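*Asks:* Keeping the supplied structure of chain A fixed, place chain B upon it in accordance with the hints.
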Amino acid sequence: MLYFARWKVAAIIGVILLGVLFSLPNVIPRSAMPSWLPARQISLGLDLRGGSYLLLEVDLDAVVKERLEGLADGARTRLRQAKVGYINLSTQPEQRRLSFRLRDPSQAEAAMAAMRELANPITTATGGTTPDLEVANNDGLISATLSEAALRERAAGAVEQSVEIVRRRIDQTGVSEALIARQGASRVLVQLPGVEDPNRIKELLGRTARMTFRLLDENASMQATTPPPGVEFLEGDQPGTRYPVRRRVEVDGANLTDARAGQNPQTGQWVVNFTFDSVGTRRFAEVTRQNVGRPFAVVLDNKVITAPNINEPITGGNGQISGNFNAQSANELAVLLRAGALPAPLTVVEERTVGPELGADAIRAGLISLAVGASFVFLYMGFAYGLFGWMANLALLVNLLLMAAALSLLEATLTLPGIAGVVLTLGTALDANILINERIREEVRAGRPPASALEAGFTKASGTILDSNLTNLIAMGVLYAMGSGPVRGFAVTVAIGTVVQMWTATTLVRLFVSWWYRARRPRTLPV
Amino acid sequence: MFLARPLFRLVPDDTKIPFMKGGKIGIAFSIFLSIASVVLAFYPGLEKGIDFRGGIVMEVRTPGPANIGALRDATGGLNLGDVGIQQFGDASTVLLRLPVQGDEAATQAAVNSVRATLETAAPGARILRTEAVGNTVSGELFMGSLIALGISMVAMMIYIWFRFEWQFAIGAIVTLLLETTKVVGFLAVTRIEFNLTTVAAVLTIIGFSVNDKVVVYDRMRENLRKFKTMPLRQLIDRSINETLNRTLGTSMTLLLSAMPLALFGGDALSGFAFTMVFGIVASTSSSIFIAAPILLFLGENKLRRGTEAAAPLTGRAATR
Chain A
84 MLYFARWKVA
94 AIIGVILLGV
104 LFSLPNVIPR
114 SAMPSWLPAR
124 QISLGLDLRG
134 GSYLLLEVDL
144 DAVVKERLEG
154 LADGARTRLR
164 QAKVGYINLS
174 TQPEQRRLSF
184 RLRDPSQAEA
194 AMAAMRELAN
204 PITTATGGTT
214 PDLEVANNDG
224 LISATLSEAA
234 LRERAAGAVE
244 QSVEIVRRRI
254 DQTGVSEALI
264 ARQGASRVLV
274 QLPGVEDPNR
284 IKELLGRTAR
294 MTFRLLDENA
304 SMQATTPPPG
314 VEFLEGDQPG
324 TRYPVRRRVE
334 VDGANLTDAR
344 AGQNPQTGQW
354 VVNFTFDSVG
364 TRRFAEVTRQ
374 NVGRPFAVVL
384 DNKVITAPNI
394 NEPITGGNGQ
404 ISGNFNAQSA
414 NELAVLLRAG
424 ALPAPLTVVE
434 ERTVGPELGA
444 DAIRAGLISL
454 AVGASFVFLY
464 MGFAYGLFGW
474 MANLALLVNL
484 LLMAAALSLL
494 EATLTLPGIA
504 GVVLTLGTAL
514 DANILINERI
524 REEVRAGRPP
534 ASALEAGFTK
544 ASGTILDSNL
554 TNLIAMGVLY
564 AMGSGPVRGF
574 AVTVAIGTVV
584 QMWTATTLVR
594 LFVSWWYRAR
604 RPRTLPV
Chain B
709 MFLARPLFRL
719 VPDDTKIPFM
729 KGGKIGIAFS
739 IFLSIASVVL
749 AFYPGLEKGI
759 DFRGGIVMEV
769 RTPGPANIGA
779 LRDATGGLNL
789 GDVGIQQFGD
799 ASTVLLRLPV
809 QGDEAATQAA
819 VNSVRATLET
829 AAPGARILRT
839 EAVGNTVSGE
849 LFMGSLIALG
859 ISMVAMMIYI
869 WFRFEWQFAI
879 GAIVTLLLET
889 TKVVGFLAVT
899 RIEFNLTTVA
909 AVLTIIGFSV
919 NDKVVVYDRM
929 RENLRKFKTM
939 PLRQLIDRSI
949 NETLNRTLGT
959 SMTLLLSAMP
969 LALFGGDALS
979 GFAFTMVFGI
989 VASTSSSIFI
999 AAPILLFLGE
1009 NKLRRGTEAA
1019 APLTGRAATR
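These protein sequence lines map, in sequence, to chains A and B. Positions in the first sequence are counted from 1; adding 83 to them yields the working numbering. Positions in the second sequence are counted from 1; adding 708 to them yields the working numbering.
FYI, nobody ran anything at the bench for these hints, they're computed from the structure. Please note: incorrect hints may appear among the correct ones.
A few chain A residues that face chain B, going by a derived Cβ cut-off under 10 Å, partial list only [stated by the list, open to error]: (1) Leu-127; (2) Val-375; (3) Asp-384; (4) Ile-388; (5) Thr-436; (6) Gly-449; (7) Gly-465; (8) Gly-504; (9) Leu-513; (10) Arg-524; (11) Arg-528; (12) Asn-555; (13) Ala-558; (14) Ala-564; (15) Phe-573; (16) Val-577.
Mimicking BS3-like on lysine-lysine, the simulated pairs with C-alpha atoms at most 30 Å apart in a straight line are [as the list claims (entries may be wrong)]: (17) Lys-732(B) x Lys-934(B); (18) Lys-166(A) x Lys-148(A); (19) Lys-732(B) x Lys-936(B); (20) Lys-729(B) x Lys-936(B); (21) Lys-543(A) x Lys-934(B); (22) Lys-148(A) x Lys-285(A); (23) Lys-386(A) x Lys-285(A); (24) Lys-724(B) x Lys-936(B); (25) Lys-285(A) x Lys-756(B); (26) Lys-543(A) x Lys-936(B); (27) Lys-91(A) x Lys-543(A); (28) Lys-543(A) x Lys-724(B).
Since the model is a prediction, treat every value here as computed from it, not as a measurement. Glycine residues also receive a C-beta, built at the ideal position from the N, C-alpha and C atoms.
In isolation and in its complexed conformation, chain A is listed as follows (with noise of 0.2 Å):
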């Protein structure tokens, strides 16, 4: 055992330097860097350099309360074109359900018909398709049920999509390095370092904005207490003003490519410019034709932002929206027209957020611990267990180094918990040492000669040093897999330190021993 083949010198050497290498781009600045080097480096957590962390929840039952909604629209229509007679049309969306009551119950089939032709098929997990709806007729009593793989599906694309929304408006804020992901069956989360005062960001977010453009009920009684069918109130951008919509959306603001904010030259006021792509240039285009000197609305999160006269038709796909806007909120518009529309609203469910000058003080208290610890630890052992000891504390050197360069290969996020397992590290790196130096000592005792008692300390220890070191990888991987954000760095940084130090523990304090032995040749050891 204390023979070590010149290749695994070599080996050992090698890794050390690797270790140098790796590490090297936390020091030295980018610039300075030859190009042949590693780039990769430890990037510090929100709440050692500041910016804010939010986590948004996605409203789910929004979801299905608008594709039973569409459903409810799509019924009418069906309905009326199979001449089927019914009352009390509704939604239910507790139980993810819409019905109505059959006027003639033997139109039962073709009412089961119609609705049946309304369902959206989905993929199963067999790779067939089936519908989202199930229908079913009790005693002339049609409903219609999305189904549990249905609201599934229609939920997990729900948030996949506003991550991508979410990502596409924080992108246009010019906020860097913002890191923006699903987490869990409903939630967005968002990490914007630097970021102080993340209002206007949750103001963004907050909206949907999802744009339609629809026709007025010019017949419609704004006296009536409900609206007829097919129309709905809504409110207007200008306070105590409301406007009969029809719910049939004539242009989708998903068709838009294009919007920007800009001044009217005539008026100078503030508007937002808008293209469509093809097919709503087409759409638009037709409307347009149709309903020439008729109001047509822009409503906005379902609010009216402006109902114009069409002039004439619009055929280049080009149009303008002038309500009463000025530069920030037409600008804002734009922002989120251009990023899309949110499928459905987000809500923050939590928000933390640290200022710069927070994360410098952690750093510094993190870094003087860090320093007091290592001096405390490093004269313990040396004094302890003498020249073995400060063996020992060189490999913690190493094991320092080398756990700064697996951090940074692996581009770990330091975080405050993360210092304090660096810090801890040093405490449990030594624990090898110690069980190593203690097996040492009792086999001297027990009357073997230096170099077999050295041989077998090593042997017998590294047993117990891999038993007694699972549990804390047992401990780390759990907190890793139920921690967040901070935590899971403590979990990281004292997972690689105490696989670091099983192997400087166990294999450079031996070959720092093989050479001290074969240089001096001692009789006795210093145990």
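*Replies:* Using the frame of chain A, we list chain B on its own:
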């Protein structure tokens, strides 16, 4: 070179402390402390942090020394429930705590209104930190943490069961339960905030604690092979004494690294670090006084049955 030799030993060699004699008293005392801890955890209860209770925490730094009274008047008028304001660190920094506000949207609205109020009540004040956790999330975080603690204990038990005999696994899990409850009691007594970081500390303690037990158990297993006729009681005592220097040595290095964190790590880490320090002391003493005696009671007639029981162990030990 004087530094080449060890200058001291934590405990002298060849100690023959009869730990097993105190076994019953130790376990009884430990159980008493744990029951007291569990009681304390419900009454007066743990100081749950924002992670688990929900609500809003804001750290605010004012240009001069903070006028806490004025801030309290200003925020008290917002009708947001019981606003707690305290000095935090230096005189110009205060910590505001607000209870959870109905649903998530209301919580966000509250953050905004407090921000606006601060601008008028303390012009020039900077908000260093804002944390707002809604009801749903805090509930989930709390449940998640309990599940994590449960899973880690079960994982430890299964691991030890695999590596040793079942008596060892039971011994370790009972000790872990006794220890963890004491840490909870410590949190209740010291009013250290119970939050995600403290849970991380508890999980870390669980890892280190089992690590400690494994070393002692490992030695018992070795001695079971070596001294085939020695009574279990004597054998356990011998194993503890033999590993005493290591147990205390490792705890020492851990303590030496955790203490600076507690003293210099700042407000964010001190709770974590003090919990660690307490956990280290608790787990070290229970490795010696609790884990081993439990094994004695469980394994009195089983671990010492002769070669049958030892056979699977020797097979593994031979590979060392």
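*Asks:* Would you mind marking each hint as holding or not holding in the structure?
*Replies:* Going through the hints against the structure:
no.	hint	verdict
1	Leu-127	violated, 15 Å
2	Val-375	violated, 43 Å
3	Asp-384	violated, 15 Å
4	Ile-388	violated, 23 Å
5	Thr-436	holds, 4 Å
6	Gly-449	holds, 7 Å
7	Gly-465	holds, 6 Å
8	Gly-504	holds, 8 Å
9	Leu-513	holds, 5 Å
10	Arg-524	holds, 8 Å
11	Arg-528	holds, 7 Å
12	Asn-555	holds, 4 Å
13	Ala-558	holds, 3 Å
14	Ala-564	holds, 8 Å
15	Phe-573	holds, 5 Å
16	Val-577	holds, 7 Å
17	Lys-732(B) x Lys-934(B)	holds, 27 Å
18	Lys-166(A) x Lys-148(A)	holds, 26 Å
19	Lys-732(B) x Lys-936(B)	holds, 25 Å
20	Lys-729(B) x Lys-936(B)	holds, 22 Å
21	Lys-543(A) x Lys-934(B)	holds, 14 Å
22	Lys-148(A) x Lys-285(A)	holds, 24 Å
23	Lys-386(A) x Lys-285(A)	holds, 20 Å
24	Lys-724(B) x Lys-936(B)	holds, 19 Å
25	Lys-285(A) x Lys-756(B)	holds, 27 Å
26	Lys-543(A) x Lys-936(B)	holds, 20 Å
27	Lys-91(A) x Lys-543(A)	holds, 21 Å
28	Lys-543(A) x Lys-724(B)	holds, 23 Å
Taken one by one, the earlier hints fail for this structure at numbers 1, 2, 3 and 4, listed in ascending order.
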